[in-house]
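Asker: Listed here are the chains, written in short residue letters.
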Amino acid sequence: MVKIFWVTCPECKNKFYCHYKDLRHSGEKLHCPYCDNWFTEEEALNIYD
Amino acid sequence: MPKDLRTFLEDIQDELLVIDRPVQPHKFEAAAVVQSLENKGLNPPVLFRNVTDMHGRQAKGFQLVINIHGDRLRLAKALGVSPQDMRMPLVQEFAKREQNPIPPEVVSASRAPVKEVVQRDPDLSELPIVRHNEMDGGPYIDMANVVRDPDNGAYNLAFLRNEYKSSKKMGVFMSPRHNLMIVQKYRERNKPTPTAIIVGHHPAFYLGLQTRSPFEADEYEIVGGVMGEPLRLVPSETWGEDLLIPADAEVVIEGEIPPGTLEVEGPFGEYPGYYGPQRRSPILHVTAINRRENPIFQTIFAAHREHWLMGVLPMEGGIYNSLRVQGRFPTLRQVCLPISGTCRFRCYLSMKVRAEGEAKQAAMDAMGHMNKIKLVIVVDEDIDAFNEEQVLWAVSTRARYDHDMDLIKNAQGNTLDPTVEGELMVTKAIIDATEPLHRPYGKRAYPPRELVEKIDLKELALEK
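One line per chain: the protein sequences are Z and V, in this order. Note that our numbering has the first sequence beginning at 1, numbered continuously upward. Note that our numbering has the second sequence beginning at 50, numbered continuously upward.
Just chain Z, with the same shape it has in the complex (with noise of 0.2 Å):
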């Protein structure tokens, strides 16, 4: 696959990943699949890659 970066939620905790070209570090918000959230890197919980 294509570069991803693993992102914590951080209202509901859960893990999913992301685009890394695309979305790391791009200022982006990003979206919880899980409960609808839209965060910014700065906001998540945790960011692995």
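One or more hints might be untrue.
Calculated pairs, DSS-like style, for lysine-lysine (alpha carbon to alpha carbon, straight line, at most 27 Å) [stated by the list, open to error]:
hint : chain 1 : residue 1 : chain 2 : residue 2
1    : V       : Lys-218   : Z       : Lys-21
2    : Z       : Lys-21    : V       : Lys-234
3    : V       : Lys-218   : V       : Lys-234
4    : Z       : Lys-3     : V       : Lys-409
5    : V       : Lys-507   : V       : Lys-492
6    : V       : Lys-109   : V       : Lys-214
7    : V       : Lys-145   : Z       : Lys-13
8    : V       : Lys-218   : Z       : Lys-15
9    : V       : Lys-409   : V       : Lys-145
10   : V       : Lys-109   : V       : Lys-217
11   : V       : Lys-214   : Z       : Lys-13
12   : V       : Lys-76    : V       : Lys-217
13   : V       : Lys-214   : V       : Lys-234
14   : V       : Lys-145   : V       : Lys-126
15   : V       : Lys-217   : V       : Lys-164
16   : V       : Lys-492   : V       : Lys-401
17   : V       : Lys-234   : Z       : Lys-15
18   : V       : Lys-401   : Z       : Lys-3
19   : V       : Lys-76    : Z       : Lys-29
20   : Z       : Lys-15    : V       : Lys-164
21   : V       : Lys-76    : V       : Lys-89
22   : Z       : Lys-29    : V       : Lys-218
23   : V       : Lys-126   : Z       : Lys-29
24   : V       : Lys-214   : V       : Lys-76
25   : Z       : Lys-3     : Z       : Lys-21
26   : Z       : Lys-21    : V       : Lys-126
27   : Z       : Lys-21    : V       : Lys-458
28   : V       : Lys-109   : V       : Lys-145
29   : V       : Lys-234   : V       : Lys-217
30   : V       : Lys-145   : V       : Lys-89
31   : V       : Lys-164   : V       : Lys-218
32   : Z       : Lys-3     : Z       : Lys-29
33   : V       : Lys-492   : V       : Lys-409
34   : V       : Lys-240   : V       : Lys-218
35   : V       : Lys-240   : Z       : Lys-21
36   : V       : Lys-89    : V       : Lys-164
37   : V       : Lys-76    : V       : Lys-109
38   : V       : Lys-109   : V       : Lys-218
39   : V       : Lys-217   : Z       : Lys-29
40   : V       : Lys-109   : V       : Lys-89
Everything labelled a hint here was simulated from the structure, so no lab data went into it. Quantities reported herein were computed from a predicted structural model and do not represent experimental measurements.
Given chain Z, work out where chain V should sit, using these hints.
Answerer: Okay, now just chain V, sitting in the frame of chain Z:
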């Protein structure tokens, strides 16, 4: 009567599982039923007769069908091929049809079932859109999108994932293939791309649109060839004759992809069985919905058996055409892309090898036809490529790994393959599991054939 989803449901009514209790597709409930069946090794097509819309209200008049493509036997039925011929003869039938395109027929709206209801102020939230897998970014329509080349007018069709975002907006993920090339042409002109999503049609329609045709080919014509009849088309509501849509579909959603606008979309469970990551994808502004009075909404059970099998015939048939019909391997007997390789990553070729190196050359040609293939195993013609046990027996007894196995590093793969590094790079492999030509080799052990053929199992009460 023209072929459509309803004529096919008639053909398979004996295996159709009908569920009447209320189901909320956008809350995974329809997918969970199919998963539960899959867990028990069952793969029936499932018709949900009581489904909700995106608000949890009854989607009045709508039904939902899943898993039409989840069994090779049903693919055979889609092409009118008998069950005993559902392996290589079915591949050859598809291969023949894809080479004989039939021009479409344009009909008036009054003769088009998809025009029974036309919504110029559409609301996607009224549809029973399915959420398939737990980490999907939202409910998705995962059927076929059509776009038209602005230069030569050819139609391009492809299965794409379309994420429900709001009543008039979807996110659309496109791999770098022909449809994206067309969208880029509109983008260069700073114009939106007219697009339609075709939901619910005969499986031969969906098989036909997956052929590996040249960029310039008109895929409505190829679909007609695979269906064995002209595809009936009707002018769209938004662009009239400038974008024709299938007249016998259940639902067709029209919309425009604005140039240069990307939004967060995904993740989505994809063909490898893994999720494709959340990313920035084009969006689709919905302009109209055409549908039947009581439409049967359709979805592919993404990342599962149906997703794997839906593309198997176009790929096996395409490789057969490429290597044998148009190619230089007249002794190629079988092409199989097994389910255990998601019908994409692994390919088994059965052939009579006539010269040293021919097996490897055939393997490389198969890889050249399809960049998703990562391992090709070539076996002799006595091995049934559709019998994985026989294929692996041949690997175990005929391949010397130091001599007969090759690695191809830094080759182009597919963006959704979980093993890809960087953007698209993978390592591929070839195993030549054919007997060597240059030295004496052993003989497969069997009782005398003439005696075996004389045995009547019914007489021995071993077979009914």
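Asker: Are the hints correct? Go through all of them and say.
Answerer: To see whether the hints hold, each was checked on the structure:
Of the supplied pair hints, the one linking Lys-218(V) and Lys-21(Z) holds, its CA atoms being roughly 24 Å apart against a limit of 27 Å. Restraint check for Lys-21(Z) and Lys-234(V): satisfied, since their Cα atoms lie roughly 23 Å apart, inside the 27 Å limit. Using a Cα cut-off of 27 Å, the hinted pair Lys-218(V) and Lys-234(V) holds, with the two alpha carbons roughly 22 Å apart. Under the criterion of a C-alpha separation no larger than 27 Å, the hint pairing Lys-3(Z) with Lys-409(V) is inconsistent with the structure, at around 31 Å.
Of the pairs offered as hints, the one joining Lys-507(V) and Lys-492(V) is violated, with about 30 Å between alpha carbons and a cut-off of 27 Å exceeded. The hinted pair formed by Lys-109(V) and Lys-214(V) meets the criterion: a straight-line CA distance of about 21 Å does not exceed 27 Å. Between the alpha carbons of Lys-145(V) and Lys-13(Z) the distance comes to roughly 53 Å, so the proposed pair goes past 27 Å and is violated. A hinted pair counts as satisfied when its Cα atoms are at most 27 Å apart, and Lys-218(V) with Lys-15(Z) qualifies at roughly 26 Å.
A threshold of 27 Å between alpha carbons decides the hint, and for Lys-409(V) with Lys-145(V) the separation of about 26 Å falls inside it, so the pair holds. With a C-alpha separation of about 19 Å, the suggested pair Lys-109(V) and Lys-217(V) falls inside the 27 Å cut-off, and the hint holds. Restraint check for Lys-214(V) and Lys-13(Z): satisfied, since their Cα atoms lie roughly 23 Å apart, inside the 27 Å limit. Taken as a hint, the Lys-76(V) and Lys-217(V) pair is honoured in the structure, with Cα atoms around 20 Å apart against an allowance of 27 Å.
The suggested pairing of Lys-214(V) with Lys-234(V) holds, with an alpha-carbon distance near 25 Å, which does not exceed 27 Å. Between Lys-145(V) and Lys-126(V) the alpha-carbon distance is near 16 Å, which keeps this suggested pair within the 27 Å criterion. Between Lys-217(V) and Lys-164(V), the direct Cα distance comes to roughly 19 Å. Compliance with the 27 Å bound is thereby established for this hinted pair. With a C-alpha separation of about 16 Å, the suggested pairing of Lys-492(V) with Lys-401(V) holds against the 27 Å cut-off.
About 37 Å separates the Cα atoms of Lys-234(V) and Lys-15(Z), which puts this hinted pair outside 27 Å; it is violated. The straight-line distance between the Cα atoms of Lys-401(V) and Lys-3(Z) is roughly 41 Å, outside the 27 Å bound, and the hint therefore fails. Between Lys-76(V) and Lys-29(Z) the alpha-carbon distance is near 24 Å, which keeps this suggested pair within the 27 Å criterion. A threshold of 27 Å between alpha carbons decides the hint, and for Lys-15(Z) with Lys-164(V) the separation of about 43 Å lies outside it, so the pair is violated.
Using a Cα cut-off of 27 Å, the hinted pair Lys-76(V) and Lys-89(V) holds, with the two alpha carbons roughly 22 Å apart. Our distance criterion of 27 Å between C-alpha atoms is met by Lys-29(Z) and Lys-218(V), whose separation comes to about 18 Å. Between Lys-126(V) and Lys-29(Z) the CA atoms are separated by roughly 47 Å; this puts the pair beyond 27 Å, and the hint is violated. Taking the CA atoms of Lys-214(V) and Lys-76(V), the gap is about 15 Å. The hint holds against a cut of 27 Å.
Straight-line distance between C-alpha atoms of Lys-3(Z) and Lys-21(Z) comes to about 7 Å, which keeps the hinted pair within the 27 Å bound. The straight-line distance between the Cα atoms of Lys-21(Z) and Lys-126(V) is roughly 43 Å, outside the 27 Å bound, and the hint therefore fails. For a cut-off of 27 Å, the pair hint linking Lys-21(Z) to Lys-458(V) stands: about 23 Å separates their Cα positions. The straight-line distance between the Cα atoms of Lys-109(V) and Lys-145(V) is roughly 42 Å, outside the 27 Å bound, and the hint therefore fails.
Simply put, Lys-234(V) and Lys-217(V) have alpha-carbon atoms about 24 Å apart, close enough for the 27 Å limit, and the pair holds. Of the supplied pair hints, the one linking Lys-145(V) and Lys-89(V) is violated, its CA atoms being roughly 36 Å apart against a limit of 27 Å. Of the supplied pair hints, the one linking Lys-164(V) and Lys-218(V) holds, its CA atoms being roughly 22 Å apart against a limit of 27 Å. Between Lys-3(Z) and Lys-29(Z) the alpha-carbon distance is near 19 Å, which keeps this suggested pair within the 27 Å criterion.
For a cut-off of 27 Å, the pair hint linking Lys-492(V) to Lys-409(V) stands: about 23 Å separates their Cα positions. Distance hint between Lys-240(V) and Lys-218(V) is fulfilled; the C-alpha atoms sit about 18 Å from each other, no more than 27 Å. Between Lys-240(V) and Lys-21(Z) the CA atoms are separated by roughly 26 Å; this keeps the pair inside 27 Å, and the hint holds. Of the supplied pair hints, the one linking Lys-89(V) and Lys-164(V) is violated, its CA atoms being roughly 40 Å apart against a limit of 27 Å.
Taking the CA atoms of Lys-76(V) and Lys-109(V), the gap is about 18 Å. The hint holds against a cut of 27 Å. Distance restraint check for Lys-109(V) and Lys-218(V): the Cα-Cα separation of roughly 22 Å lies within the 27 Å cut-off, and the hinted pair is therefore satisfied. As the CA atoms of Lys-217(V) and Lys-29(Z) are separated by approximately 21 Å, the hinted pair is consistent with the 27 Å bound. At roughly 32 Å between alpha-carbon atoms, Lys-109(V) and Lys-89(V) are farther apart than 27 Å, so this suggested pair is violated.
Violated hints for the displayed structure, listed by number in ascending order: 4, 5, 7, 17, 18, 20, 23, 26, 28, 30, 36 and 40.
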